[in-house]
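Line by line, the protein sequences are chains A and B.
For the first sequence, the tail end lands on 120 under my numbering, and the numbers increase by one without skipping.
For the second sequence, the tail end lands on 993 under my numbering, and the numbers increase by one without skipping.
Don't read these hints as lab results, they were simulated from the structure.
Keep in mind it's a predicted model, so treat the numbers as computed, not measured.
Check before you lean on any hint, since a few could be wrong.
[To be verified] Facing chain A, from chain B, some residues (calculated, C-beta under 10 Å):
| id | residue |
| --- | --- |
| 1 | LEU883 |
| 2 | GLN888 |
| 3 | ASN901 |
| 4 | ASP950 |
| 5 | PHE952 |
| 6 | ASN954 |
| 7 | SER956 |
| 8 | THR982 |
| 9 | GLY986 |
[To be verified] With a straight-line cut-off of 27 Å between C-alpha atoms, the simulated DSS-like cross-links for lysine-lysine are:
| id | chain 1 | residue 1 | chain 2 | residue 2 |
| --- | --- | --- | --- | --- |
| 10 | A | LYS85 | B | LYS949 |
| 11 | A | LYS72 | A | LYS59 |
| 12 | B | LYS980 | A | LYS11 |
| 13 | A | LYS16 | A | LYS73 |
| 14 | B | LYS930 | B | LYS980 |
| 15 | A | LYS73 | B | LYS980 |
| 16 | A | LYS72 | B | LYS980 |
| 17 | A | LYS16 | A | LYS85 |
| 18 | B | LYS949 | A | LYS59 |
| 19 | A | LYS11 | A | LYS72 |
| 20 | B | LYS980 | B | LYS949 |
| 21 | A | LYS59 | A | LYS11 |
| 22 | A | LYS16 | A | LYS59 |
| 23 | A | LYS59 | B | LYS980 |
| 24 | A | LYS73 | A | LYS59 |
| 25 | A | LYS11 | A | LYS73 |
[Stated by the list, open to error] Covered stretches of chain A (in silico footprint by chain B; criterion: 3 or more residues with CB under 8 Å from a CB of chain B, positions within the stretch not fixed):
| id | segment |
| --- | --- |
| 26 | 12-24 |
| 27 | 109-117 |
Ideal placement from N, C-alpha and C gives every residue a C-beta, glycine not left out.
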Amino acid sequence: DGGITQSPKYLFRKEGQNVTLSCEQNLNHDAMYWYRQDPGQGLRLIYYSQIVNDFQKGDIAEGYSVSREKKESFPLTVTSAQKNPTAFYLCASSPRSGRRTSGSYEQYFGPGTRLTVT
Amino acid sequence: GQQLNQSPQSMFIQEGEDVSMNCTSSSIFNTWLWYKQDPGEGPVLLIALYKAGELTSNGRLTAQFGITRKDSFLNISASIPSDVGIYFCAGQLYRSGTASKLTFGTGTRLQVTL
């Protein structure tokens, strides 16, 4: 089945440690995104990538890093510099095409990873 | 970054009732998306709107792209218990050939009582 997978579902880390969250998609989408969601809040964009080997900062990129070495993978590293890393992290992907057709720019989400840092 | 204003923030309704929620922005968009999120899960796309004034249905859900391009509305008819969840609107200002960012609303939490 085509879709987006995130692993693990739950992740626990000690303060001061870096941690990498996995995101894989087999939808053949060009663009991928990382969002952060805090309790009772909407989604805030951390980083996004429109194409392999290229990515841009979102609204809250400080303390995070990403890489995009393969089209299907977009891992997110939460570094020790992130002051409040405990949150629900969501990965998404979307097609990117030269002209808009129905559904071309819609983002589809993975199941999320809940990170708890103590 | 900007977040869209969504109202109401939460609502309790009885099974069978109709539900309305809306989303407003200070800037225009050319795409509006509505998502539903269950607890601990990722959002699922419900409806996408691409043109000002457009009215689109998906089963018991109907959404409209506001004429001003700064707002959107979602209606759920004859609610059932599985409609429980958080509904998010998202606006997008896309440009051809560019995967553009979504700006999300603050969410409407819907609870349905029997």
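Status of the hints after comparison with the structure:
1. For LEU883/B, the shortest C-beta to C-beta distance to chain A is roughly 8 Å, which falls under 10 Å, so the interface hint holds.
2. This hint holds: GLN888/B has a C-beta 9 Å from the nearest C-beta of chain A, less than the 10 Å allowed.
3. The restraint placing ASN901/B at the interface with chain A is violated, with a minimum CB-CB distance near 15 Å, outside the 10 Å limit.
4. Taking 10 Å as the C-beta contact cut-off toward chain A, the hint placing ASP950/B at the interface is violated, the least distance being around 16 Å.
5. The restraint placing PHE952/B at the interface with chain A is violated, with a minimum CB-CB distance near 18 Å, outside the 10 Å limit.
6. A distance limit of 10 Å between C-beta atoms decides the matter here; for ASN954/B the minimum to chain A is near 20 Å, and the interface restraint is violated.
7. Because the beta carbon of SER956/B sits about 23 Å from the nearest beta carbon in chain A, more than 10 Å, this interface hint is broken.
8. Contact between THR982/B and chain A, as hinted, is supported at the beta carbon level, the nearest pair being about 9 Å apart and thus within 10 Å.
9. With 10 Å as the threshold, the beta carbon of GLY986/B comes within range of chain A, its nearest partner Cβ sitting at about 6 Å, so the hint holds.
10. Proposed proximity of LYS85/A and LYS949/B is contradicted: the alpha carbons are some 34 Å apart, above 27 Å.
11. Distance check on the hinted pair: LYS72/A and LYS59/A sit about 18 Å apart at the alpha-carbon level, within 27 Å; holds.
12. For the proposed pair LYS980/B and LYS11/A, the alpha carbon gap of about 25 Å is at most 27 Å, so the pair holds.
13. Between LYS16/A and LYS73/A the alpha-carbon distance is near 31 Å, which puts this suggested pair outside the 27 Å criterion.
14. Note on LYS930/B and LYS980/B: the hinted pairing holds, with a Cα-Cα distance of about 18 Å set against a maximum of 27 Å.
15. Restraint check for LYS73/A and LYS980/B: satisfied, since their Cα atoms lie roughly 18 Å apart, inside the 27 Å limit.
16. Our distance criterion of 27 Å between C-alpha atoms is met by LYS72/A and LYS980/B, whose separation comes to about 21 Å.
17. Using a Cα cut-off of 27 Å, the hinted pair LYS16/A and LYS85/A holds, with the two alpha carbons roughly 13 Å apart.
18. A hinted pair counts as satisfied when its Cα atoms are at most 27 Å apart, and LYS949/B with LYS59/A qualifies at roughly 25 Å.
19. Straight-line distance between C-alpha atoms of LYS11/A and LYS72/A comes to about 22 Å, which keeps the hinted pair within the 27 Å bound.
20. For the given pair, LYS980/B sits about 16 Å from LYS949/B by alpha-carbon distance, which is consistent with the 27 Å threshold.
21. A threshold of 27 Å between alpha carbons decides the hint, and for LYS59/A with LYS11/A the separation of about 24 Å falls inside it, so the pair holds.
22. Between LYS16/A and LYS59/A the alpha-carbon distance is near 26 Å, which keeps this suggested pair within the 27 Å criterion.
23. Between LYS59/A and LYS980/B the alpha-carbon distance is near 11 Å, which keeps this suggested pair within the 27 Å criterion.
24. A threshold of 27 Å between alpha carbons decides the hint, and for LYS73/A with LYS59/A the separation of about 18 Å falls inside it, so the pair holds.
25. Proximity of LYS11/A to LYS73/A is assessed by CA-CA distance (about 22 Å); at most 27 Å being required, the pair is judged to hold.
26. For the segment 12-24 of chain A, the proposed coverage by chain B is not satisfied: 0 residues have a C-beta within less than 8 Å of a C-beta in that chain, short of the threshold of three.
27. Counting residues of the segment 109-117 of chain A whose beta carbon lies closer than 8 Å to any beta carbon of chain B gives 7, which reaches the threshold of three, so the coverage claim holds.
In terms of the numbered hints stated before, the structure departs from hints 3, 4, 5, 6, 7, 10, 13, 26, listed from lowest to highest.
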